Amino acid sequence: MSSAKILNGIAVDETFAEAFPMVGTRIIVTARSQRWAMNAGLAFTGFATSVIACGCEAGIEKELSPDQTPDGRPGVSILLFAMGDAALKGQLTARLGQTILTCPSTACFAGLEQGKKAALGNMIRYFGDGYQLSKVIDGKRFWRIPVMEGEFLCADYTYYQPSVGGGNLLILADDGETALAACEKAVDAMRKVPNVVLPFPGGVVRSGSKVGSKYKALFASSNDAFCPTLKGLAHSQLSPETGSVLEIVIDGLTFEDVASCMREGIRELLKGGRASGVHRISAGNYGGNLGPYHFKLHELLS
Amino acid sequence: MTILTQKIKLPLRVDVSTLVPAALAGLSVAEIEKLPLRLGSQPVHVADVFSVAKGDGERLVFRTQDTGVEQIGAELSGGEIVVEGDAGIYAGRAMSGGTLRVNGNVGDFAGVSKSGGLLWVAGNGGDFVGAALPGRTSGVSGGAIVVEGSVGCRFGDRIRRGVVAALGNAGDFCGARAIAGTIWVRGQVGKAPAQGMKRATVLLEHAPPPLPTFQDCGVLELPILRLLLPSLDKLAGTGLTAKSNFRAHRHLGCIGVDGRGEVLVLA
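So the protein sequences, as listed, match chains H and D. When we follow our numbering, the leftmost residue of the first sequence carries the number 3, and every step to the right adds one. When we follow our numbering, the leftmost residue of the second sequence carries the number 384, and every step to the right adds one.
What the hints contain is simulated information worked out from the structure, not anything from laboratory work. Fair warning: this is a prediction, and the values are worked out from it, not measured in the lab. Each residue gets a CB set at the ideal place from its N, CA and C atoms; glycine is no exception. Any given hint could turn out to be false.
[Stated by the list, open to error] Per label pair, the in silico range of CB-to-CB distance:
1) Pro294(H) <-> Ile638(D): 20 to 28 Å
2) Thr104(H) <-> Ala650(D): 21 to 29 Å
3) Asp616(D) <-> Arg269(H): 44 to 52 Å
4) Asp616(D) <-> Pro23(H): 41 to 49 Å
5) Asp439(D) <-> Gly86(H): 36 to 44 Å
6) Lys617(D) <-> Pro196(H): 26 to 34 Å
7) Thr104(H) <-> Lys617(D): 51 to 59 Å
8) Tyr133(H) <-> Ala436(D): 51 to 59 Å
9) Gly117(H) <-> Lys437(D): 43 to 51 Å
10) Asp439(D) <-> Thr104(H): 56 to 64 Å
11) Asp616(D) <-> His296(H): 49 to 57 Å
12) Pro148(H) <-> Val648(D): 17 to 25 Å
13) Gly117(H) <-> Ala650(D): 49 to 57 Å
14) Arg269(H) <-> Val648(D): 55 to 63 Å
[Unchecked claim] List time: in silico EDC-like cross-link candidates among lysine to aspartate or glutamate, alpha-carbon distance up to 20 Å:
15) Lys617(D) <-> Asp73(H)
16) Lys581(D) <-> Glu153(H)
17) Lys273(H) <-> Asp140(H)
18) Lys626(D) <-> Glu604(D)
19) Lys581(D) <-> Asp131(H)
20) Lys617(D) <-> Asp131(H)
21) Lys390(D) <-> Asp449(D)
22) Lys617(D) <-> Asp69(H)
23) Lys626(D) <-> Asp69(H)
24) Lys142(H) <-> Asp616(D)
Please model the entire structure based on the sequences and the hints provided.
Next comes the structure, spelled out in structure tokens:
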């Protein structure tokens with residue numbers, strides 16, 4: 003690493019996270035209680051960690067109190083990101099139909115009001131088999147779909163916009179225990195930033211990947227240069243003190259959202275200092291040739 | 384602001400559908416006075432019926448003496464018209480935008496086949512308020528009508544979208560043949576509400592007379608009321624939401640037309 007900045011005993015590499023254009027949307031899910039809104043939200047955003055195999059990346063952006071939702075009930079706001087229009091629309095309706103329609107007491111609303119349209123109720127209404135009703139209230143159309151519990155209320159459409167996926171931080175620590183503890187604190191701080199989600203389990207990835215593989219069938223494989231068990235290899239990026247590396251991946255509605263989330267994460271990590279077990283912060287990139295969005299760590303701190 | 388004050392008692396009805404804010408903008412008092420009108424079948428000028436005055440603002444005000452001034456705000460697409468007094472028949476006919484406020488009563492066919500904007504009536508309405516123009520197969524398709532008093536029969540007949548609200552009572556066949564949309568009556572309704580309805584909502588606060596062509600679904604919690612009631616409160620300044628448990632007695636029909644609409648009686 004050319005010239006790392008040492009802050010609070012932690013080296014911040016002079017490097018950048020390389021991120022990609024995605025499309026992103028937001029939906030609001032409400033329910034009789036926060037518990038059931040969360041049940042729907044967790045199911046909707048389940049198996050949505052990486053577009054490599056999940057079709058989309060999604061997460062719960064925040065919990066909403068009754069005064070923050072369209073129908074005055076507790077809820078969650080969810081962000082979903084995909085690599086293209088068709089993937090986003092397909093994932094949205096498949097997940098809506100299997101995880102929100104099915105979840106007791108939920109209703110589903112648009113979380114963005116402009117951009118391109120993506121169907122919610124406009125697609126899932128056919129579940130009503132002809133008994134569905136639509137209602138236009140204050141210029142917005144909603145669908146009422148009869149279900150065994152009662153009625154599922156769902157907005158006609160939500161909207162989606164160009165977004166940024168794959169912002170990331172690499173946290174290099176003395177061992178797995180300290181790396182994870184530091185990441186937990188960073189994730190808590192980063193999740194307070196609006197318009198972003200950290201799609202991996204608990205916000206943290208332990209198996210960051212590189213592009214390509216020696217096996218022809220695979221297009222991503224283990225990031226061996228950052229694997230501590232391989233740090234004796236010539237191309238290893240790790241110094242002897244590194245015992246474990248974790249990654250936090252950020253998807254956001256805009257470049258600025260991802261940038262401010264990364265900034266919060268770095269600040270939280272630096273706050274813990276060298277005593278936390280973290281000794282280096284880096285980021286993943288592919289040389290800058292693949293993704294148009296570059297988040298330079300030193301610039302984020304300035 | 385343009386003020387048109389009715390200065391003669393009308394022997395016949397006068398059609399003022401051409402007198403809307405957009406048409407009068409930029410005209411002088413003298414020019415307005417010379418605009419043509421029809422009194423019955425007879426051509427007259429504005430000055431024959433109204434005295435004209437100008438004031439600040441864009442609003443158009445009619446000061447009426449009787450119900451002979453018809454078609455006030457017909458096909459209104461923007462701006463505001465205020466009627467100080469009663470409006471005759473066809474007030475707000477086919478309006479698509481803007482606001483028409485009538486401080487008195489409106490005659491029959493007020494707001495028929497309107498597609499947008501707000502018609503607000505402080506008094507009562509006649510028959511076929513918020514219904515379809517005679518011969519049309521669908522009526523109101525957008526915007527809102529609020530009558531603070533009571534309305535006659537066939538209120539909201541053939542409505543397709545939007546809201547028609549009577550804060551008093553409504554006569555017979557209220558919401559009949561409704562295609563979709565919302566008909567809201569705070570008081571009592573007459574015979575056969577919602578007869579022949581397809582997919583609309585007739586929202587009531589008092590039990591209707593027997594509904595032989597509707598199927599009783601009992602009292603249910605309806606999530607749509609969490610959106611609909613606040614929207615109606617915002618429109619009419621009522622306090623439905625605060626006192627609601629979002630439950631209503633639902634009657635499904637009309638089975639005479641294989642309808643999927645509903646008569647809801649708030650619980």
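Comparing the hints with the structure gives:
| no. | hint | result |
| --- | --- | --- |
| 1 | Pro294(H) <-> Ile638(D): 20 to 28 Å | violated, 60 Å |
| 2 | Thr104(H) <-> Ala650(D): 21 to 29 Å | holds, 27 Å |
| 3 | Asp616(D) <-> Arg269(H): 44 to 52 Å | holds, 45 Å |
| 4 | Asp616(D) <-> Pro23(H): 41 to 49 Å | holds, 43 Å |
| 5 | Asp439(D) <-> Gly86(H): 36 to 44 Å | violated, 55 Å |
| 6 | Lys617(D) <-> Pro196(H): 26 to 34 Å | holds, 27 Å |
| 7 | Thr104(H) <-> Lys617(D): 51 to 59 Å | violated, 32 Å |
| 8 | Tyr133(H) <-> Ala436(D): 51 to 59 Å | holds, 57 Å |
| 9 | Gly117(H) <-> Lys437(D): 43 to 51 Å | holds, 46 Å |
| 10 | Asp439(D) <-> Thr104(H): 56 to 64 Å | holds, 59 Å |
| 11 | Asp616(D) <-> His296(H): 49 to 57 Å | holds, 50 Å |
| 12 | Pro148(H) <-> Val648(D): 17 to 25 Å | holds, 19 Å |
| 13 | Gly117(H) <-> Ala650(D): 49 to 57 Å | violated, 39 Å |
| 14 | Arg269(H) <-> Val648(D): 55 to 63 Å | holds, 58 Å |
| 15 | Lys617(D) <-> Asp73(H) | holds, 14 Å |
| 16 | Lys581(D) <-> Glu153(H) | holds, 19 Å |
| 17 | Lys273(H) <-> Asp140(H) | violated, 48 Å |
| 18 | Lys626(D) <-> Glu604(D) | holds, 14 Å |
| 19 | Lys581(D) <-> Asp131(H) | holds, 16 Å |
| 20 | Lys617(D) <-> Asp131(H) | violated, 33 Å |
| 21 | Lys390(D) <-> Asp449(D) | holds, 11 Å |
| 22 | Lys617(D) <-> Asp69(H) | holds, 16 Å |
| 23 | Lys626(D) <-> Asp69(H) | holds, 17 Å |
| 24 | Lys142(H) <-> Asp616(D) | holds, 17 Å |
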